[in-house]
Amino acid sequence: MPSIETQAFLPADPHTVFRLLRNVEDFPRYTRTVETVTPLGGERYQWSVRVGGVRYQWVIEIIQSEEPERLAWKSVTGITNTGRYRLMPSRGGTDLRLVIDYTLNSRLLDKTVGRVAGPVVRRISAEVLERVQERLAAEAT
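End of the sequence shown sits at 455 in the numbering used here; the numbers just go up one at a time, nothing left out.
Treat the hints as calculated values from the structure; they're not laboratory data.
Certain hints may be false.
Derived DEER-like restraints, expressed as beta-carbon distance ranges [as the list claims (entries may be wrong)]:
(1) 317 x 391: 20 to 28 Å
(2) 415 x 453: 29 to 37 Å
(3) 402 x 449: 16 to 24 Å
(4) 375 x 329: 21 to 29 Å
(5) 367 x 329: 36 to 44 Å
(6) 405 x 346: 30 to 38 Å
(7) 317 x 366: 16 to 24 Å
Quick reminder that beta carbons are idealized off the backbone N, C-alpha and C, glycines included.
Using the sequences plus the hints, can you model the full thing?
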(Lines of atoms letter the chains of each structure in order from A and count residues from 1; the text may use other names and numbers.)
(Lines give C-alpha, C1' and ligand atoms only; values in the text may rest on other atoms or scores of the structure.)
Protein backbone atom coordinates (compact mmCIF):
# COMPACT_ATOMS: atom_id res chain seq x y z
CA MET A 1 0.00 0.00 0.00
CA PRO A 2 1.66 3.27 -1.08
CA SER A 3 2.04 5.90 1.62
CA ILE A 4 2.20 9.68 1.25
CA GLU A 5 3.48 11.88 4.07
CA THR A 6 3.16 15.66 4.27
CA GLN A 7 4.35 17.91 7.09
CA ALA A 8 3.62 21.54 7.79
CA PHE A 9 3.85 24.21 10.45
CA LEU A 10 0.56 26.02 11.06
CA PRO A 11 0.54 29.33 12.96
CA ALA A 12 -2.29 28.46 15.34
CA ASP A 13 -2.68 26.38 18.48
CA PRO A 14 -3.44 22.64 18.07
CA HIS A 15 -7.06 23.01 19.27
CA THR A 16 -7.82 25.58 16.56
CA VAL A 17 -6.13 23.50 13.85
CA PHE A 18 -7.88 20.33 15.00
CA ARG A 19 -11.32 21.94 14.94
CA LEU A 20 -10.71 23.22 11.43
CA LEU A 21 -9.58 19.79 10.17
CA ARG A 22 -12.44 18.07 11.99
CA ASN A 23 -14.95 20.01 9.86
CA VAL A 24 -14.56 17.43 7.11
CA GLU A 25 -17.36 18.88 4.97
CA ASP A 26 -15.26 22.06 4.51
CA PHE A 27 -12.54 20.29 2.51
CA PRO A 28 -13.92 21.37 -0.90
CA ARG A 29 -12.94 24.90 0.18
CA TYR A 30 -9.30 23.83 0.38
CA THR A 31 -8.85 22.22 -3.06
CA ARG A 32 -10.73 22.20 -6.35
CA THR A 33 -10.02 18.48 -6.66
CA VAL A 34 -12.49 17.70 -3.88
CA GLU A 35 -15.92 18.44 -5.35
CA THR A 36 -18.09 17.51 -2.37
CA VAL A 37 -17.94 15.97 1.08
CA THR A 38 -21.38 14.87 2.20
CA PRO A 39 -22.11 13.93 5.83
CA LEU A 40 -23.90 10.56 5.93
CA GLY A 41 -24.56 10.47 9.65
CA GLY A 42 -22.44 9.42 12.56
CA GLU A 43 -18.79 9.59 11.58
CA ARG A 44 -19.26 8.75 7.88
CA TYR A 45 -18.74 11.08 4.91
CA GLN A 46 -19.02 10.55 1.17
CA TRP A 47 -16.18 12.13 -0.80
CA SER A 48 -16.38 13.02 -4.46
CA VAL A 49 -13.16 14.10 -6.17
CA ARG A 50 -12.25 14.80 -9.78
CA VAL A 51 -8.78 13.92 -11.04
CA GLY A 52 -7.87 14.20 -14.71
CA GLY A 53 -11.50 14.65 -15.66
CA VAL A 54 -12.57 11.42 -13.91
CA ARG A 55 -14.79 11.46 -10.82
CA TYR A 56 -13.98 9.11 -7.96
CA GLN A 57 -16.22 8.58 -4.93
CA TRP A 58 -15.79 6.78 -1.66
CA VAL A 59 -17.12 6.79 1.88
CA ILE A 60 -14.81 7.30 4.84
CA GLU A 61 -15.38 6.82 8.53
CA ILE A 62 -13.59 8.81 11.23
CA ILE A 63 -11.98 6.11 13.37
CA GLN A 64 -9.98 8.28 15.77
CA SER A 65 -10.73 11.77 17.00
CA GLU A 66 -8.61 12.83 19.95
CA GLU A 67 -8.61 16.61 20.16
CA PRO A 68 -6.12 18.21 19.76
CA GLU A 69 -3.62 15.48 18.87
CA ARG A 70 -4.99 12.90 16.45
CA LEU A 71 -7.57 12.57 13.70
CA ALA A 72 -7.76 9.42 11.57
CA TRP A 73 -10.07 7.85 9.01
CA LYS A 74 -10.46 4.79 6.83
CA SER A 75 -12.49 4.23 3.70
CA VAL A 76 -15.47 1.88 3.91
CA THR A 77 -16.34 1.96 0.19
CA GLY A 78 -14.56 2.92 -3.02
CA ILE A 79 -10.81 3.49 -3.21
CA THR A 80 -9.17 1.81 -0.22
CA ASN A 81 -7.45 4.48 1.86
CA THR A 82 -6.58 5.43 5.39
CA GLY A 83 -5.24 8.67 6.73
CA ARG A 84 -4.16 10.28 9.94
CA TYR A 85 -3.27 13.71 11.17
CA ARG A 86 -0.87 14.11 14.08
CA LEU A 87 -0.82 17.57 15.66
CA MET A 88 2.01 18.61 17.98
CA PRO A 89 2.31 21.92 19.82
CA SER A 90 5.24 23.99 18.66
CA ARG A 91 6.49 27.47 19.44
CA GLY A 92 4.02 29.84 17.80
CA GLY A 93 1.70 27.17 16.47
CA THR A 94 1.31 23.54 15.52
CA ASP A 95 3.50 21.03 13.74
CA LEU A 96 1.21 18.85 11.66
CA ARG A 97 1.95 15.51 10.05
CA LEU A 98 -0.44 13.94 7.53
CA VAL A 99 -0.01 10.35 6.35
CA ILE A 100 -2.28 8.87 3.68
CA ASP A 101 -2.12 5.21 2.65
CA TYR A 102 -4.07 4.03 -0.38
CA THR A 103 -4.57 0.99 -2.59
CA LEU A 104 -5.94 1.08 -6.10
CA ASN A 105 -8.46 -1.74 -6.27
CA SER A 106 -7.80 -3.12 -9.74
CA ARG A 107 -4.98 -3.83 -12.17
CA LEU A 108 -6.56 -1.43 -14.65
CA LEU A 109 -6.49 1.38 -12.09
CA ASP A 110 -2.93 0.45 -11.16
CA LYS A 111 -1.88 0.71 -14.81
CA THR A 112 -3.84 3.84 -15.72
CA VAL A 113 -3.83 5.81 -12.49
CA GLY A 114 -1.19 4.18 -10.32
CA ARG A 115 1.84 5.94 -11.75
CA VAL A 116 0.29 9.37 -11.21
CA ALA A 117 -1.67 8.63 -8.02
CA GLY A 118 1.23 9.31 -5.66
CA PRO A 119 2.09 12.73 -7.08
CA VAL A 120 -1.61 13.67 -7.26
CA VAL A 121 -2.27 12.66 -3.63
CA ARG A 122 0.89 14.50 -2.56
CA ARG A 123 -0.15 17.65 -4.47
CA ILE A 124 -3.69 17.61 -3.06
CA SER A 125 -2.40 17.07 0.49
CA ALA A 126 0.02 19.98 0.19
CA GLU A 127 -2.69 22.18 -1.36
CA VAL A 128 -5.11 21.40 1.48
CA LEU A 129 -2.51 22.23 4.12
CA GLU A 130 -1.61 25.46 2.32
CA ARG A 131 -5.28 26.53 2.20
CA VAL A 132 -5.77 25.61 5.86
CA GLN A 133 -2.76 27.77 6.70
CA GLU A 134 -4.23 30.66 4.68
CA ARG A 135 -7.58 30.30 6.45
CA LEU A 136 -5.91 30.29 9.86
CA ALA A 137 -3.95 33.42 8.95
CA ALA A 138 -7.13 35.15 7.73
CA GLU A 139 -9.00 34.24 10.92
CA ALA A 140 -6.13 35.59 13.04
CA THR A 141 -6.41 39.08 11.51
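Outcome of the hint check:
1. Between residue 317 and residue 391 the Cβ separation comes to about 21 Å, which falls inside the hinted range of 20 to 28 Å.
2. Take residue 415 and residue 453: their Cβ atoms lie about 31 Å apart, and the range 29 to 37 Å holds.
3. Look at residue 402 against residue 449: about 20 Å separates their beta carbons, and that is inside 16 to 24 Å.
4. Taking the beta carbon of each, residue 375 and residue 329 are about 23 Å apart, inside 21 to 29 Å as hinted.
5. Distance hint check: the CB atoms of residue 367 and residue 329 are about 39 Å apart, consistent with the given range 36 to 44 Å.
6. With their beta carbons about 33 Å apart, residue 405 and residue 346 fall inside the hinted range of 30 to 38 Å.
7. The beta-carbon spacing between residue 317 and residue 366, approximately 22 Å, falls within the hinted interval of 16 to 24 Å.
Going down the numbered hints, you'll see the structure goes against none, and every one checks out.
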